[in-house]
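Asks: Each chain is listed here by its residues.
Protein chains: 2
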Amino acid sequence: MNQYAPPISDLQFVLHDVLKLSESGLPGHDELDRDFTAAILDAAGKLASDVLAPLNATGDRQGCRLENGIVRTPDGFKEAFGLIREGGWPALDCDPEYGGQGMPYVVSLAAGEMFVAANMAFNMYQGLTHGAYSAIHSHGTQAQKEMYLPRLASCEWTGTMNLTEPHAGTDLGLLRTKAEPQEDGSYLITGQKIFISAGDHDMAENVIHLVLAKAPGGGEGTKGISLFIVPKFLVGEDGRIGEHNAVSVGALEEKMGIHGNATCVMNYDGAKGWLLGELHKGMRAMFTMMNEARVGVGLQGYAIASGAYQNAVGYARERLQGRAPTGAQNQAGPADPLIVHPDIRRSLMEQKSFVEGARALVMWAGHLIDRHTRTGDADADGLVSLMTPIIKGFLTDKGFDATVLAQQVYGGHGYIEEQGMSQFVRDARITSIYEGANGVQALDLVGRKLAADGGKHVMAFFRDLISFIKEHEGNAALKADFLDPLKAASKDMQAAATFFMEKGLKNPDEALSGSYDFMHLSGHVVLGLMWARMAVAAQAALDAGEGDRAFLETKLHTGRYYMARQLPATAVHLARIRSGAAPVMALPPERF
Amino acid sequence: MNQYAPPISDLQFVLHDVLKLSESGLPGHDELDRDFTAAILDAAGKLASDVLAPLNATGDRQGCRLENGIVRTPDGFKEAFGLIREGGWPALDCDPEYGGQGMPYVVSLAAGEMFVAANMAFNMYQGLTHGAYSAIHSHGTQAQKEMYLPRLASCEWTGTMNLTEPHAGTDLGLLRTKAEPQEDGSYLITGQKIFISAGDHDMAENVIHLVLAKAPGGGEGTKGISLFIVPKFLVGEDGRIGEHNAVSVGALEEKMGIHGNATCVMNYDGAKGWLLGELHKGMRAMFTMMNEARVGVGLQGYAIASGAYQNAVGYARERLQGRAPTGAQNQAGPADPLIVHPDIRRSLMEQKSFVEGARALVMWAGHLIDRHTRTGDADADGLVSLMTPIIKGFLTDKGFDATVLAQQVYGGHGYIEEQGMSQFVRDARITSIYEGANGVQALDLVGRKLAADGGKHVMAFFRDLISFIKEHEGNAALKADFLDPLKAASKDMQAAATFFMEKGLKNPDEALSGSYDFMHLSGHVVLGLMWARMAVAAQAALDAGEGDRAFLETKLHTGRYYMARQLPATAVHLARIRSGAAPVMALPPERF
Chain A
1 MNQYAPPISD LQFVLHDVLK LSESGLPGHD ELDRDFTAAI LDAAGKLASD
51 VLAPLNATGD RQGCRLENGI VRTPDGFKEA FGLIREGGWP ALDCDPEYGG
101 QGMPYVVSLA AGEMFVAANM AFNMYQGLTH GAYSAIHSHG TQAQKEMYLP
151 RLASCEWTGT MNLTEPHAGT DLGLLRTKAE PQEDGSYLIT GQKIFISAGD
201 HDMAENVIHL VLAKAPGGGE GTKGISLFIV PKFLVGEDGR IGEHNAVSVG
251 ALEEKMGIHG NATCVMNYDG AKGWLLGELH KGMRAMFTMM NEARVGVGLQ
301 GYAIASGAYQ NAVGYARERL QGRAPTGAQN QAGPADPLIV HPDIRRSLME
351 QKSFVEGARA LVMWAGHLID RHTRTGDADA DGLVSLMTPI IKGFLTDKGF
401 DATVLAQQVY GGHGYIEEQG MSQFVRDARI TSIYEGANGV QALDLVGRKL
451 AADGGKHVMA FFRDLISFIK EHEGNAALKA DFLDPLKAAS KDMQAAATFF
501 MEKGLKNPDE ALSGSYDFMH LSGHVVLGLM WARMAVAAQA ALDAGEGDRA
551 FLETKLHTGR YYMARQLPAT AVHLARIRSG AAPVMALPPE RF
Chain B
1 MNQYAPPISD LQFVLHDVLK LSESGLPGHD ELDRDFTAAI LDAAGKLASD
51 VLAPLNATGD RQGCRLENGI VRTPDGFKEA FGLIREGGWP ALDCDPEYGG
101 QGMPYVVSLA AGEMFVAANM AFNMYQGLTH GAYSAIHSHG TQAQKEMYLP
151 RLASCEWTGT MNLTEPHAGT DLGLLRTKAE PQEDGSYLIT GQKIFISAGD
201 HDMAENVIHL VLAKAPGGGE GTKGISLFIV PKFLVGEDGR IGEHNAVSVG
251 ALEEKMGIHG NATCVMNYDG AKGWLLGELH KGMRAMFTMM NEARVGVGLQ
301 GYAIASGAYQ NAVGYARERL QGRAPTGAQN QAGPADPLIV HPDIRRSLME
351 QKSFVEGARA LVMWAGHLID RHTRTGDADA DGLVSLMTPI IKGFLTDKGF
401 DATVLAQQVY GGHGYIEEQG MSQFVRDARI TSIYEGANGV QALDLVGRKL
451 AADGGKHVMA FFRDLISFIK EHEGNAALKA DFLDPLKAAS KDMQAAATFF
501 MEKGLKNPDE ALSGSYDFMH LSGHVVLGLM WARMAVAAQA ALDAGEGDRA
551 FLETKLHTGR YYMARQLPAT AVHLARIRSG AAPVMALPPE RF
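Residue numbers (the working numbering), protein chains in the order written: chain A, 1 to 592; chain B, 1 to 592.
Same shape as in the complex, but just chain A (with noise of 0.2 Å):
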């Protein structure tokens, strides 16, 4: 069986040391010193490691049944719900007016992260709510919001969102269902959904479903698209629950991992739906939610590789094997353990440096959210709008790739589905592919979010980058470490920007064969921006003799290793970015 042991000094060093949240100066934030964000940490990190992780491997096994219509939950899901209910975990960031707790979204996503890891599958019933909640909050008449928000900021309702049809995926303007105007000012949904996250389940008494259809005179692709909300059961103007809606489940999707998540076929039969933002207009409502959900799904692919790493840890330090090459370490032992041989280092440290970095970018999102929503900042949203197909795109990927590695420390062990490493492989594998595929997200970068509002933003970055570069470069314990390889990193990534920008403008395939290695690209030196600022925030917490000495060594150390180990992919994926088009797209479509 899995064990979790929440990460609490790693997130507070995060919240305090780099992002220094209490000294922000955002509204709010001044209370959030660390011993505040401690005890909240404290309390979701045991709530993660003692309620959730112990039905990870359950969730796995039984996943969801379709009975007579309803869908049921692996045991022990609904009680622990309800324990996530009543710790009030989903209001943490809602709005005080609607039942919120009103704590910044950081802290939501440092909560999130342990409830994640612990068991994602679980998680995402809370996940996809959070996401409805946010779609209504921002688009919602004053009368959805009281009626919606505060059931769906304590997780009395759950959400989900409705968009891929089975012919209809990356591409919504192919869309067919259908919205029909009535006269009472609701419309009547017709059409059929797939993939469903949280579609259905038992731990709730309603599901709001918010549908992407299309209501008449709003023309061809994606301009005739709205947004509707769907209650699986229609509700009184009281809030009291009423008849059935005509939405029903067709099918639950059998899947390679998420077994504990309810992937639903859903079958709208002419329900009864209202109309939500503006008509005609359901993208831009859709992206609200969209947005949030890819940062969310950015931190499941670390997290869950932090959960993988942790075991992996384990069992390498208790699995005896071999010798260690310069001399036995368990002299007493017939062999020593795991952790004693180089090429079992590298994998752990390749899963821990990633791990990390990948932590300390989300939570670095999360506090430019906040800075956005609290005081307006456009040039915070703008950086983390470009950052959010990284986000999504690099995180998963490589918390995937992470989640393998620890699979394989295991050996043959690894394999057997008793031991949840496969699980963990399995879940992750999910994040590369929803909230839209990762090439979707490496040509929303490229093809989107470099040149928005002119290539400002992305200037803007390299701009603080360099800046920096500049202010730490004096710092000798940390130049030829960190500053120099982020520098060199930094410049890969500036050429394919403007490799881009010299060969994308005639020819859009120049850009494109290269927009996946761009992704990358950028995650790395984001990455290793991260690490860069960490080790700033431990360097100078050691010269200050503040803190725990060793693991703030531990951090400089990791920190290296992302540094001389991971940085160095730019240069390969600038050379695959500078090959341009042709070497993609030489071959006719029949020679494939």
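Be careful, since some hints might not be right.
Said to hold, decoys possible - SDA-like, lysine to any residue: derived pairs with alpha carbons at most 25 Å apart: (1) A:K503 with A:A480; (2) B:K281 with B:G217; (3) B:K178 with A:G333; (4) A:K178 with B:G322; (5) B:K46 with A:R591.
Keep in mind that the hints were calculated from the coordinates and are not lab data.
Because the structure is a prediction, the values reported are computed rather than measured.
Position chain B against the provided structure of chain A, taking the given hints into account.
Replies: Relative to chain A, chain B alone:
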């Protein structure tokens, strides 16, 4: 349902245009002209596509069942195994003296690729039998050969390898299974073995287990290990099946994939066994099986990727989504097929250029093995022994990555079990783990093979590589696209080897911290060499106006992709290697 189209033209190209089998001067090879191998490959391909491929999903869904101590294989497996046997496929390259057909090993690898691509779990029953055949052929007494070889060659009986125990995987010195000598010259074998592929089933009348165990007087560690033949059913001198030996299936493992193959816990409770080869020299006999098995697992790595790739191409041609960035290609339809998108092409070219390069490598290795076994050429043997960990480690890692890419092409549909893409990924995952986890392959390569015979084999490889480049770099059509990148990559490989020599002798951690990267670096160089050789062959045929022009041009385009986009990875592997042991070894075990 996934389909499989046998890649006959690609195999023929490697066998005849690249390896020039019938002109190789090897005994028995002069008859192997194009028509001859085409007949064999067509028949094997037909069996693969018509019989084995349709059973692949069945095997995954049903798995094997243990019923009253007897393993039941999935529906249809027994009948298919009968067809494999009737066709004489298991005996293709076996010794005619023992019922074999005496074909070169390379021809059996070519047929094997198709069997594996169509149904990997199924083909393992036959593959392990071949390993047992080889071990007995090399190390058995005349009586053992006469008893077992004809029946293993025909798969009337099948074979297994019993190495691993619960506490002892890679570190075989820790084995506890005991062999007690009896007065009649036999041994009684007692102990538990785990992860025994094809350990039992209902498709053959007997299973011949080759079991590593410790007999008295052999000393500590691997020195005390001997190899024993332990039949499931004891056999009379006439080969007639007698009573059940004291060996039983303790359990079937629940695995991430290869569900169609029975992975058994085998309990030996004083089972009767007979020494194979010399007493206390079991490791040597075992390595006969292991080396063959490792090339076979490398083949699995790319073969399963080839099956996944074919399906990804099919999906990319059919699924409509978005428009080509340079303008609509499918004007009449609501959207363009996925294959117009540069990033989808990047993924497909990545897979295709890997699979075809890997195929050439495995066939080249098979040809070298034939050279050694048919002419006693020790240099060929040395080169194969150097290539074996690269074939096993690199091709399985990259093959797994390729199945993940193929699954990704399907978007959300790839995550649904029904589509069969998850199975490719789950099945492929074992190949990096079994027959020596890939970290062990890297250790074998850097810790043993590089320095073997005074470094003779790696020096011979570099010499051949350099003379190949010199021979062809005057070819203007190939120089910039093929020879120059190969030269650059081979310099990276030489630089890495030099780093190991300079640093590794003083401190083995300096070399072993880079062993995994060296395995990948070498893999890229070797695949680069294969692509350069294929390009030379394709260009020569084009210049001579021979062969299928479109096919040959596709080869050149695909090779250019590999050289431009995959080969540059050598630089980052070199950078990682040169960062040495410090980043890997810095942390004390308790700080992970």
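Asks: The structure should be examined with respect to each hint, and the outcome stated for every one.
Replies: Right, here's what the structure says about each hint:
1. A:K503 with A:A480: violated (34 Å)
2. B:K281 with B:G217: Holds, at about 12 Å.
3. B:K178 with A:G333: Roughly 21 Å separates the two Cα atoms, so the pair holds.
4. A:K178 with B:G322: holds (21 Å)
5. B:K46 with A:R591: Between K46 of chain B and R591 of chain A the Cα gap is close to 22 Å, so the pair holds against 25 Å.
The structure shown violates just one earlier hint, number 1.
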